[in-house]
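There are 2 protein chains.
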Amino acid sequence: MAARKVKLLGAWVSPFALRSRIALNLKSVEHEFLEENLGSKSDLLLKSNPVYKKVPVLLHGDRPVCESLIIVEYIDETWTSGPSILPSDPYDRATARFWAYYIDDKFCPSLVGISKAEGPEAKAEAIEQAKTGLELLEKAFKDCSKGGAFFNGDQIGYLDIAFGCCIGWIRATESMHEIKLFDEEKTPGLVGWIERFCAHKAVKDVMHETEKLIEFAKTLLSKPPPTH
Amino acid sequence: MAARKVKLLGAWVSPFALRSRIALNLKSVEHEFLEENLGSKSDLLLKSNPVYKKVPVLLHGDRPVCESLIIVEYIDETWTSGPSILPSDPYDRATARFWAYYIDDKFCPSLVGISKAEGPEAKAEAIEQAKTGLELLEKAFKDCSKGGAFFNGDQIGYLDIAFGCCIGWIRATESMHEIKLFDEEKTPGLVGWIERFCAHKAVKDVMHETEKLIEFAKTLLSKPPPTH
Numbered sequence: 001m002a003a004r005k006v007k008l009l010g011a012w013v014s015p016f017a018l019r020s021r022i023a024l025n026l027k028s029v030e031h032e033f034l035e036e037n038l039g040s041k042s043d044l045l046l047k048s049n050p051v052y053k054k055v056p057v058l059l060h061g062d063r064p065v066c067e068s069l070i071i072v073e074y075i076d077e078t079w080t081s082g083p084s085i086l087p088s089d090p091y092d093r094a095t096a097r098f099w100a101y102y103i104d105d106k107f108c109p110s111l112v113g114i115s116k117a118e119g120p121e122a123k124a125e126a127i128e129q130a131k132t133g134l135e136l137l138e139k140a141f142k143d144c145s146k147g148g149a150f151f152n153g154d155q156i157g158y159l160d161i162a163f164g165c166c167i168g169w170i171r172a173t174e175s176m177h178e179i180k181l182f183d184e185e186k187t188p189g190l191v192g193w194i195e196r197f198c199a200h201k202a203v204k205d206v207m208h209e210t211e212k213l214i215e216f217a218k219t220l221l222s223k224p225p226p227t228h
Numbered sequence: 001m002a003a004r005k006v007k008l009l010g011a012w013v014s015p016f017a018l019r020s021r022i023a024l025n026l027k028s029v030e031h032e033f034l035e036e037n038l039g040s041k042s043d044l045l046l047k048s049n050p051v052y053k054k055v056p057v058l059l060h061g062d063r064p065v066c067e068s069l070i071i072v073e074y075i076d077e078t079w080t081s082g083p084s085i086l087p088s089d090p091y092d093r094a095t096a097r098f099w100a101y102y103i104d105d106k107f108c109p110s111l112v113g114i115s116k117a118e119g120p121e122a123k124a125e126a127i128e129q130a131k132t133g134l135e136l137l138e139k140a141f142k143d144c145s146k147g148g149a150f151f152n153g154d155q156i157g158y159l160d161i162a163f164g165c166c167i168g169w170i171r172a173t174e175s176m177h178e179i180k181l182f183d184e185e186k187t188p189g190l191v192g193w194i195e196r197f198c199a200h201k202a203v204k205d206v207m208h209e210t211e212k213l214i215e216f217a218k219t220l221l222s223k224p225p226p227t228h
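So the sequences go chain by chain: A and B. Here the UniProt record's numbering is used: position 115 in the first sequence is 115, and no number is missing along the way. Here the UniProt record's numbering is used: position 119 in the second sequence is 119, and no number is missing along the way.
The set of hints was computed from the structure by calculation and includes no laboratory data. Note that the structure is predicted; figures quoted are calculated from it, not measured. We treat Cβ as the ideally placed atom computed from N, Cα and C, and that holds for glycine. Among the hints, a few may not be true.
Just so you have them, the derived chain A footprint on chain B, three or more residues with Cβ under 8 angstroms [as the list claims (entries may be wrong)]:
1. 4–11
2. 72–82
3. 91–98
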């Protein structure tokens, strides 16, 4: 039986689509990336993700998989010959899943909140929230990496992918608002991790370029980056 | 080495804590259920889940696992000798995870929205949203069960647990607002599934009694049921 073709419906600006791309790269899965126009979504996207109508959608043959973290787990469980994405120990898996959930549930909204904030007070509060989130993630890095280079230890894994895909938008937010979120003093582990993550062979060719994200954000005027 | 003790920090009213209890029952894991006073949370809860400060928390020895769906996966991966909770096929797993995500992301908030709605128009809209959610879940039941008695086929699994724990609050909401959400015509699959799920040996002794939930909700006056 011929291998089923793999297509990814995504958008280059989306950190969530980027997760799927990196997971596919990590597993050396040949795939086609289909850039969606988020202002006028394709029939294929609407048909493949009728509930949320959002990117990313992974099409494995004609079967769609939706939601970025679910896609990453699907890729890990389907292409088992590549390096493992989830940790092998159940407790480490639960911990990685918890922080990935936190990133989507709290950290990303706090980052978007900086751009959406109305007035200096609301903005200062949003910045504080994002910084608190990064400090929590710094602690998570220490706990999860166990002295290794990545959240997943010696090689990148689930939580690296979940968080790493936000790096571009964090940097763009720093630049656009002239603030510093990553901090040599408060988040030294993350500062080093960013360099290693962005230089990884599964990441470097697809990682967001900050300048392009800023340009994109400017064309949308004051609109925030996409939340999914 | 002695087996590590298992404790569950929960609250009887919480559908999310109920997920963990059913998963532990399904795997025949001996455990102690510690009822939290949600108005005055214990130091153990605050220490075990410092990020969200919420139930449920599973304590396996001294290691905490937080977030109900993550706990269910942890239980499945840790006590592997019991029946599998997640489907074995990666695509079926992704589908179950997607609908569980949908339940937490959309369906539960729509249910809470019925009680929180201010004015008849907002209430009608919230009811419509919840009904739409149930119709989507009816379709998911047909797709996932593949003709079996449960979402997971012939035995209860991840999505049964994720959704089944909402049954009590759905019924309580129906009763308190004198509405009908489950429907013999529009959700016939779910109507039959509810009976089978609630009668399951891992479920029947811990399932919410609708009357008790209603009584609890009344003591909170117009406050909505807990969202986690």
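Inset, instruction - Find the hints from earlier in the document that the structure breaks and name them by number, from lowest to highest. - result: 1
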